[in-house]
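Undergrad: In the order they appear, the protein sequences are chains A and B.
Read in my numbering, the first sequence has 93 at position 93, and its numbers run on one by one without any break.
Read in my numbering, the second sequence has 1053 at position 53, and its numbers run on one by one without any break.
Among the clues, some could well be false.
[Unchecked claim] The calculated lysine-lysine pairs, modelled on DSSO-like cross-linking and capped at a C-alpha distance of 30 Å, are:
{"no.": "1", "chain 1": "B", "residue 1": "1123", "chain 2": "A", "residue 2": "104"}
{"no.": "2", "chain 1": "B", "residue 1": "1104", "chain 2": "B", "residue 2": "1123"}
{"no.": "3", "chain 1": "A", "residue 1": "104", "chain 2": "A", "residue 2": "123"}
{"no.": "4", "chain 1": "B", "residue 1": "1104", "chain 2": "A", "residue 2": "123"}
{"no.": "5", "chain 1": "B", "residue 1": "1123", "chain 2": "A", "residue 2": "123"}
Don't read these hints as lab results, they were simulated from the structure.
Protein chains: 2
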Amino acid sequence: MRPIGVVRSAEPDPPRHWSVSDLEGELRIDPRYREALADICPGERIVVLFVFHRSPRFARRHLTQVPPTRNEPRGVFSTCSPVRPNPIGLSVVDVLRVDGATLKVRGLDMLDGTPILDLKPWKD
Amino acid sequence: MRPIGVVRSAEPDPPRHWSVSDLEGELRIDPRYREALADICPGERIVVLFVFHRSPRFARRHLTQVPPTRNEPRGVFSTCSPVRPNPIGLSVVDVLRVDGATLKVRGLDMLDGTPILDLKPWKD
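This is chain A alone, in the form it adopts within the complex:
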């Protein structure tokens, strides 16, 4: 797995989940993939897969975790915790503008500098 780009955002403390975020920022994709971005259009929703690059390494004690919105521990596969066996995150964002290999988007919940692994259509 190798990053295809990086998230750029001016917000040091982004919302905890894309579904409650209207934070804007950029997905700066490596220009070598520019042709692969050709059909992504403003107004579209896309899935972003990324690396939770600042998370601690997963250990047995992380099998269940207490989500910030609950009082009880839940199995990690029923949470969106960044501390998971494979530290892959999923967000759904709205594309506002495409400028070369940079996508201006709304709905970020990732940290600035987050490595991007893939972009996919939302329910193609």
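We have chain A; now place chain B onto it with these hints.
TA: Using the frame of chain A, we list chain B on its own:
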């Protein structure tokens, strides 16, 4: 990245996309993650991230591809092609039953033997 489990399916030619699939099969998760599955319930929809383990290595010629449902090439990030820079797939399946560390599910579009990377709530 290390698989957390494997897809088991009796269908050698699964539907091309989860959104048009009612194929049933199993997600056999490594028993060491059993506790992490504790809150996944029958009736729930979950996101499955997996490896396109049978795909050829991504090359420049794959930047655009002609999807099976279209006549024109599209940028790979606007397709669900298994041939992508990072070969990660995303499916959404319905949980029918949980038996130990095995989830019986409906909506498979993966091949038998597909390595599973992560399970997430669908729009938590």
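Undergrad: Each hint needs a verdict: does it hold in this structure or not?
TA: Here is how each hint holds up against the structure:
{"no.": "1", "hint": "B:1123 x A:104", "result": "holds, 23 Å"}
{"no.": "2", "hint": "B:1104 x B:1123", "result": "holds, 20 Å"}
{"no.": "3", "hint": "A:104 x A:123", "result": "holds, 20 Å"}
{"no.": "4", "hint": "B:1104 x A:123", "result": "holds, 23 Å"}
{"no.": "5", "hint": "B:1123 x A:123", "result": "holds, 13 Å"}
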